[in-house]
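S.K.: First to last, the protein sequences are chains A and B.
Quick note on this note's numbering: the first sequence kicks off at -7 and runs consecutively.
Quick note on this note's numbering: the second sequence kicks off at 1297 and runs consecutively.
Quick caveat, the hints were computed from the structure, so don't treat them as lab data.
Quantities reported herein were computed from a predicted structural model and do not represent experimental measurements.
Ideal Cβ placement from N, Cα and C applies to all residues, glycine included.
Fair warning: there could be bad hints in the mix.
Derived lysine-lysine pairs resembling DSBU-like cross-links, with alpha carbons at most 30 angstroms apart [claimed, not checked]: (1) A:Lys49 to A:Lys63; (2) B:Lys1367 to A:Lys1; (3) A:Lys6 to A:Lys49; (4) B:Lys1398 to B:Lys1367; (5) B:Lys1367 to A:Lys63; (6) B:Lys1398 to A:Lys75.
Short, incomplete list of chain B residues facing chain A, as computed with Cβ under 7 angstroms [claimed, not checked]: (7) Pro1325; (8) Phe1326; (9) Ser1327; (10) Gly1339; (11) Ser1342; (12) Thr1389; (13) Gly1390; (14) Tyr1397; (15) Ala1403.
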Amino acid sequence: DGGITQSPKYLFRKEGQNVTLSCEQNLNHDAMYWYRQDPGQGLRLIYYSQIVNDFQKGDIAEGYSVSREKKESFPLTVTSAQKNPTAFYLCASSLDGGRGEQFFGPGTRLTVL
Amino acid sequence: KNQVEQSPQSLIILEGKNCTLQCNYTVSPFSNLRWYKQDTGRGPVSLTIMTFSENTKSNGRYTATLDADTKQSSLHITASQLSDSASYICVVTGVLRSNDYKLSFGAGTTVTVRA
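Excised from the complex, chain A in its bound form (with noise of 0.2 angstroms):
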């Protein structure tokens, strides 16, 4: 069964703690994606990585760390330094990081309390 998974579904933090956000894909996709949505807003890019052990910076990456040691993980840390972390976190992958379609895991919703 393919697919794209996030964990966990919710997640608290206490202001000054690091978080990590897990995303797992069984689909063999090299490009690999962190998004963040806001109510009222569309989605925005915080990182991407088109193949193992490279990755990109997104729109807003600041306060946000990632890592791409294996294909099918790409866990997203938020970190201390970012200032307003509550959000819906998406990972999403795709086949070849350009124009193909790009696959939603079920997102994280963090919450900063």
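With the hints as your guide, set chain B onto chain A.
M.R.: Showing chain B alone in chain A's frame:
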């Protein structure tokens, strides 16, 4: 300024009725345009994709149109069902340079279907 604008922001329709969602974009050069459906608390799922040369594409009760000259697209939902209640997102792929693309996302239209 967002390069993809969707309207209306939200709408409510009765089950069985039709509705049309609009998407205007300024992304250029243009590669393709997709409509995604996003259920509450879930990830978006692709409904249709259209390239420059295509002006209509259907997926069941969903029909998308594209006018690349005026940079407008619409998504028409026919005979709406309760399961159509969701946010519909217009996504435009622009060409930055050869083999380098960038996606621009609209804020979405929230559709609520009432029995």
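S.K.: Each of the hints needs a verdict: does it hold here or not?
M.R.: Hint check results:
| no. | hint | verdict |
| --- | --- | --- |
| 1 | A:Lys49 to A:Lys63 | 18 angstroms, holds |
| 2 | B:Lys1367 to A:Lys1 | 37 angstroms, violated |
| 3 | A:Lys6 to A:Lys49 | 25 angstroms, holds |
| 4 | B:Lys1398 to B:Lys1367 | 17 angstroms, holds |
| 5 | B:Lys1367 to A:Lys63 | 36 angstroms, violated |
| 6 | B:Lys1398 to A:Lys75 | 26 angstroms, holds |
| 7 | Pro1325 | 11 angstroms, violated |
| 8 | Phe1326 | 10 angstroms, violated |
| 9 | Ser1327 | 5 angstroms, holds |
| 10 | Gly1339 | 3 angstroms, holds |
| 11 | Ser1342 | 5 angstroms, holds |
| 12 | Thr1389 | 5 angstroms, holds |
| 13 | Gly1390 | 9 angstroms, violated |
| 14 | Tyr1397 | 5 angstroms, holds |
| 15 | Ala1403 | 5 angstroms, holds |
Hints 2, 5, 7, 8, 13, counting from the list given before, are not met by this structure.
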